[in-house]
Structures are given as C-alpha cells and as structure tokens.
Amino acid sequence: MADNPIEQFGIHPIAEFSVAGYDASFTNASLAMVGGAVLAAWFFNWAMKPAAMVPNRAQVVAEGAYGFIHGMLKDAAGTEGVKKFLPFVFTLFLFIFMANMLGMFPGVFGVHHIFTPTSQIVVTAALAMMVFLTVIVVGFAKNGLKFFKLFAPSGVPWYLLLIVTPIEIISFFSRPLSHAVRLWANILAGHILLKVFAGFVPALIAAGGFYGLLSVLPLAMTVMLYGLEFLVAFLQAYVFAILTCIYLNDALHPGH
Amino acid sequence: MDATAAAYIGAGLACLGMLGAAIGVGIIFGNFLQGAMRNPSAAPGQFGNLIFGFAVTEALGIFSLLIAILLLFVVPK
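If you read the protein sequences in the order shown, they are chains A and B. Quick note on the numbering used here: the first sequence kicks off at 1 and runs consecutively. Quick note on the numbering used here: the second sequence kicks off at 257 and runs consecutively.
It should be emphasised that the hints constitute simulated quantities derived from the structure, not laboratory data. Any given hint could turn out to be false.
[Said to hold, decoys possible] Which chain B residues face chain A? A few, computed with CB under 8 Å, are given here: (1) L306; (2) F308; (3) G309; (4) A311.
On a predicted model such as this, the values are computed, not experimentally measured, just so you know. Note that beta-carbon positions come from the ideal geometry of N, C-alpha and C, so glycine has one too.
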C-alpha cells in the first residue's frame, strides 16, 4: 500500500537520454505535459472543423472557451491587448487547465495515476518567468523609458512617491514568485490532502471491526474533496490567466 | 533543542500565517455577497475583480505554506 502522500509527485524517466551532460530524459511529467497540449490542440481542431453557423455541442465548448478568455483579456487589457496577446494567454490557460484536469485522474489498482505537471514548481516557475519577461520586454519595446512610470503612479504627490515607489518595485519583482507559487502550492496541497484522506480508508479497514464501518466517513470526505479539487483545478488556471492579463496590461499601459 | 524539533515547531508556527489569509478571503467573499445581494445585476461584471482580490489575498497565505513546506522538506535535518 503506497500511503506516502508525497510519493505521487515522484518523477520517473520513461525514455532516458542526456544532452551535453544534462539529464534530458522523457519522464512521466513530460508525458503529461505533451499529452495535455496535444489533447487540447486536437480537441480544438476537431471541434472547429465543421465551423458551422449553428454550432454542434463540441463547437459550443470550443467557442465558449475562446470567448471566455477573449472577454477576460479585453476587460483587463483592452482591444490592444487582445490583438497582441490573445494566443499567448489562451495557450497558457489551456495548458494549465489541461495539466490540472488530467492530473485529477486517480491511480486505480496498480495503474499509475496521471502525473500533474503543475505540482512541480519548476513548471509553474517557468510559466511565471515567461509572463514576467514578456511584460518587461514588451513594456520597454513599446514604451521605452516611459515604462518606469509603472513605479510612479500618476496623481501621487512627490513626497508620497518616496514611499510608494519602493513598494511598487518590490511588488513588481515579487509577482513572478507569487504567480508561480500560487498555482504550485494550490495543486500540491490539494493532491496531498486527497491522498491523506484516502489513506484513512484502508487504515480504518485494516483496524477491523467497528472501525471498518467508520471508513465510510473519510471515503465520503474524499469524494467531496475531489469535487472541491476540480473547482480548484479550473479556478487556478483561471487565476493564472487573469493575473497574466493584468500584468500584460501594465506592459501596454504603464502609469495606470 | 535539536534542529529537527525546531524545524517542525517552525513549520507549525508558519502555518499560523494562513489565519490572516483566511480572514482576508472571508472578508472578500462576504463583502462581494453583500454587494451582490444589494445589486444583483451588477454582480456578474465584478467576478473578475472578485477572483483577482481573492488571488492576491490568498498569495500571502500560500507564502506561509511555502515556508512550512521548506522547513519540512528542504531544510537539512
């Protein structure tokens, strides 16, 4: 019985090889990421193939997802943001959403569960750094030195700027940290919680007699927590995407 | 006190930081509901703001969880 709640995050190579001395094996994490990306790309291709005026069910889902992200980006960053960043934000959202959702598949009777890539901070940190660097590069390319207005909000008297500017700088540089850690810690904590509660069931059954009957309680709790984790899986993908929109808006329109 | 015990006590103390995040998230959703009950037609338009406030508040609780995890699994004992 594998009841170590951390064991589910183990990375196992599927095809081992190395590039220039670095371990570049294709692992279960890579498989989950590639699988999620391919599945999303395939679904959207397949659903939009008819491109009918009156959409079928799959096309409604695809168009709904597109419209959802489009509206979110438009609210946060305006039409200019939509024109420049819709593919980026939509890809980011879908990638995280697929990774979270596929990771919800449990392991059954020895079949190994699907790895959740977003439970590794290296994955979420790479995504957050990508957003952070995009903001800096686009911000300087579009606004030049005016990008520094980001740290000096307009309408603030100069003596307050002495306090506000350092706070703005610290908050700007802590963004990628909180961006990465939020997604990672939510998924990690959720999966550990599920495993801990699920672990109570065999432990109570093994205790025997009356305790065996009590095992229904943690089982019910696990089912309810699973529902909650599906909500978290969607919500964290949404939160990551909406924060990306807000940060990109800063790059396009610094100085609020 | 040896280092392992100190790390475990520290991890427990770090989790107290989640208390603040819990209060903050409660305030956000409570106030959103209050506003939404007063003017239900304006509520859907503020969903993005709600989630943004929730995410920013929750981040601080997540930081304390991060400290706890670092103390439990990363600090050499």
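Verification of the hints:
| no. | hint | verdict |
| --- | --- | --- |
| 1 | L306 | violated (10 Å) |
| 2 | F308 | holds (6 Å) |
| 3 | G309 | violated (11 Å) |
| 4 | A311 | holds (4 Å) |
Of the numbered hints stated above, those contradicted by the structure are hints 1 and 3, listed in ascending order.
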